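First residue of the sequence shown? That's 1 in our numbering, and the numbers climb one at a time after it.
Fair warning: there could be bad hints in the mix.
Claimed, not checked - Computed beta-carbon distance windows for the label pairs:
#1 Leu56 with Glu414: 46 to 52 Å
#2 Gly321 with Pro172: 22 to 28 Å
#3 Ala94 with Arg278: 36 to 42 Å
#4 Ala308 with Ser59: 36 to 42 Å
#5 His73 with Gly276: 44 to 50 Å
The hints are simulated quantities; they were obtained by calculation from the structure and are not laboratory data.
As the structure is a computational prediction, the values presented were derived from the model and not from experiment.
Glycine included, each C-beta is placed from N, C-alpha and C at the ideal position.
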Amino acid sequence: MTDVAAPISDQFRRQLAALAGLDLGDIGVPGALHLGAPAESADPGQGTPLPPLRDLGQSAVAALAAAREQIAHDATTVDAWACVAETTADQEAARADRSRSLGALHGVPVGVKDVLDAVGLPTAGGSAYYSGMRARVPKADSAAVALLRRAGAVVVGKTRTHEFAMGGTTPPTRNPHDLDRIPGGSSGGSAAAVAAGHVRVALGSDTGGSVRIPAAYCGVAGLVPSPGLIPFTGGLPLAWSMDRVGVLASGPVDLAAASHALGLVADLSREPGLDGLRIGVPRGTFDGAVDPEVVDAVQQALAIAEAAGAVLVDVDVPHQGLAVTTGMTIILGEGAEEQRDRRADRPDLLGRDVLDQLAMADEITAATYVRAQRLRALLRAELLAALADVDLLATPTMPCTAPLVSEAATGGFEVGGQMTELADAHLRYNIGANLAALPAGTQPLPRDGALPIGLEWVGRPGDDGTILEAMVALEQAW
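Modelling step: build the complete structure from the supplied sequences, incorporating the hints.
Shown next, in the form of structure tokens:
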């Protein structure tokens, strides 16, 4: 008797076909349910006012014109924009000049990552799939863009993204600090646009570090707020249970002002300080594949914080070494479901790296996905336990500076004297906050003309304000 696998019954085959044809809309997966209730948003513009993000001696119309001029100047070098708005942006700027001030974002030119919907602007997700007859031009704003408009911002256009946010390089965008280097991703267009001075604020999305990675590489600040503060509705998701919308800005003060204007924080101290702040540094943070210059820069930043009154505490996150594998399993599984119809329809319109990731997802079993969700719960518990005795966790944002385009193209490069896969380098310090649904931010450290290095802060759910205050205070203490 031949030992063969039992065939799928006709009934089960029909049930699977029915399930495959079911339109689930924006419904995510059960893995998101254990993360608790989302943080409550504040009323935008209430509380302590912060500096405006536009020179009030300059009209909104003039600010928009200046942004467009700089974008055009860098179009063949930095190349950070997928499209630039025309009529809609002109109307928004003119309306801002006629209206009373709505806060720090009133009349401010901003960029929006090309996975978030904005009325009248195509959302292509950086993919050829949504070109030509398939062009996707939304008739409603995403929740994130609606918040921008409510705060009086002027949407300049859509910034480039790695295709469907499934990567960390964002071609063809280049790093403004060195055009031979990647900007990071997948929100590389937003980070590069801010770093190049096109805009001072931009939106990105972050599933495993996609705001913080390019922010660190490009030398800007970024915040991934507590879940629920900016709903991820109206756009192109990557992995429903981990996706979040984030904010990028030129520095901590701008980031704090933008976050306040968007209602992510209710109030911020006018004179934030580090005195008494308990900062947890996970054991093993500086071990393994990490460049010495990153270790030196981050340890110097922590020493400055300590000199200003902060208390450094060693903390344990026993399973942090499994975070990358856990997160990638979930992202690949959920990403394959999101891309299922496009892959079946026109795989020839999907990029090679997207197809490679979908092929990897084919090898992930349901049991493996469930096990990853269980590990996710364990990692969240360990991170919350670590945060129970400190105010914030601090690590490098990235273990290295931005690699060359040619290095990134090979999928691996040398970090700290060790050959390291690009995904491991990008996710090592970042993906834990996504798995555990914690707010996280990154700020650039002073480098005197050298390639940027970022310091990452991670806080308890709803503690976004503490992250921003620490960032501003450290910048002032440096």
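Hint says 44 to 50 Å; check whether the CB-CB distance for His73 and Gly276 agrees.
holds (46 Å)
Measuring from beta carbon to beta carbon, are Leu56 and Glu414 in 46 to 52 Å?
Cβ of Leu56 to Cβ of Glu414: about 48 Å, so the range 46 to 52 Å holds.
Taking 36 to 42 Å as the stated bounds, is the beta-carbon spacing between Ala308 and Ser59 within them?
holds (39 Å)
Range hint 22 to 28 Å: satisfied by the CB atoms of Gly321 and Pro172?
violated (34 Å)
Taking 36 to 42 Å as the hint, is the beta-carbon distance of Ala94 and Arg278 inside that range?
violated (49 Å)
In summary, the structure is inconsistent with hints 2, 3 from the numbered list given earlier, while agreeing with the others.
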